[in-house]
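Model the full assembly from the supplied sequences, consistent with the hints where possible.
Residues 10 to 186, numbered by the numbering used here, are exactly what the sequence shown covers, in order.
Hints were generated in silico from the structure; no laboratory data involved. Just so you know, these numbers come straight off a predicted model, no measurement behind them. It cannot be assumed that every hint is accurate.
[Claimed, not checked] In the SDA-like style, the derived pairs of lysine to any residue whose C-alpha atoms are separated by at most 20 Å in a straight line are: (1) 171 x 183; (2) 182 x 172; (3) 182 x 170; (4) 83 x 69.
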Amino acid sequence: MSESSSRPSSQDSKQPYSIHVDIPPRFYLLPGGAMCLGTAIGLVRGSRAAGLRFLAENAHRPPTTVGGWYFYNKTKNYKMMLGGLSKAGTDAAKLGFTALAWVTFEEGFNHFGWQDMGEIGAGLGTAGVFAGVYRLPWRTASRVVMLGVLVGMTMRTMRWGKERLAEEAQARKEASQ
Numbered sequence: 010m011s012e013s014s015s016r017p018s019s020q021d022s023k024q025p026y027s028i029h030v031d032i033p034p035r036f037y038l039l040p041g042g043a044m045c046l047g048t049a050i051g052l053v054r055g056s057r058a059a060g061l062r063f064l065a066e067n068a069h070r071p072p073t074t075v076g077g078w079y080f081y082n083k084t085k086n087y088k089m090m091l092g093g094l095s096k097a098g099t100d101a102a103k104l105g106f107t108a109l110a111w112v113t114f115e116e117g118f119n120h121f122g123w124q125d126m127g128e129i130g131a132g133l134g135t136a137g138v139f140a141g142v143y144r145l146p147w148r149t150a151s152r153v154v155m156l157g158v159l160v161g162m163t164m165r166t167m168r169w170g171k172e173r174l175a176e177e178a179q180a181r182k183e184a185s186q
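Right, dumping it as structure tokens:
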């Protein structure tokens, strides 16, 4: 039985039909790392807060039997796990979106040819978005923006140092040959 097709199959053709999307690794590495860090922070803070909340809510009626203490601690542990997981989700989302905003601003500056100002612009833009989302008062927003610029300048200085060290290493390598 012969098959007729308007397009060649992937075995017959040297170039298969496919779609390639090039996403810079920073777009998933930095937010992914920030989400992992946010998960760890949220687990610790959320479980601690839930444990203290459970102790405060049940301080007036402590258990009197061994079985009662068992169920008291079991319930407290379950509440701590639930509180930790819920806080981990919110903290992971917050840090992940903040890192995604940073990377988006930085890549935007790089795309428009302002590579030297990418980190500073990313710090400024992320701080502005942060101040807008949380509706910070003007005084606090200005402090957040200054902190964002400071972090951006620190990142830019670190990149300059890395480039300078790479140039020196290359010069030493060429001089030794």
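Quick rundown of the hints versus the structure:
1. A C-alpha spacing of about 18 Å is found between residue 171 and residue 183, which places the hinted pair at or below 20 Å, so the restraint holds.
2. The hinted pair formed by residue 182 and residue 172 meets the criterion: a straight-line CA distance of about 15 Å does not exceed 20 Å.
3. With a CA separation close to 18 Å, the supplied pair residue 182 and residue 170 stays within the 20 Å bound.
4. At most 20 Å may separate the alpha-carbon atoms for a hinted pair to count; residue 83 and residue 69 meet this at roughly 18 Å.
Violated hints are absent here; each numbered hint is respected by the structure.
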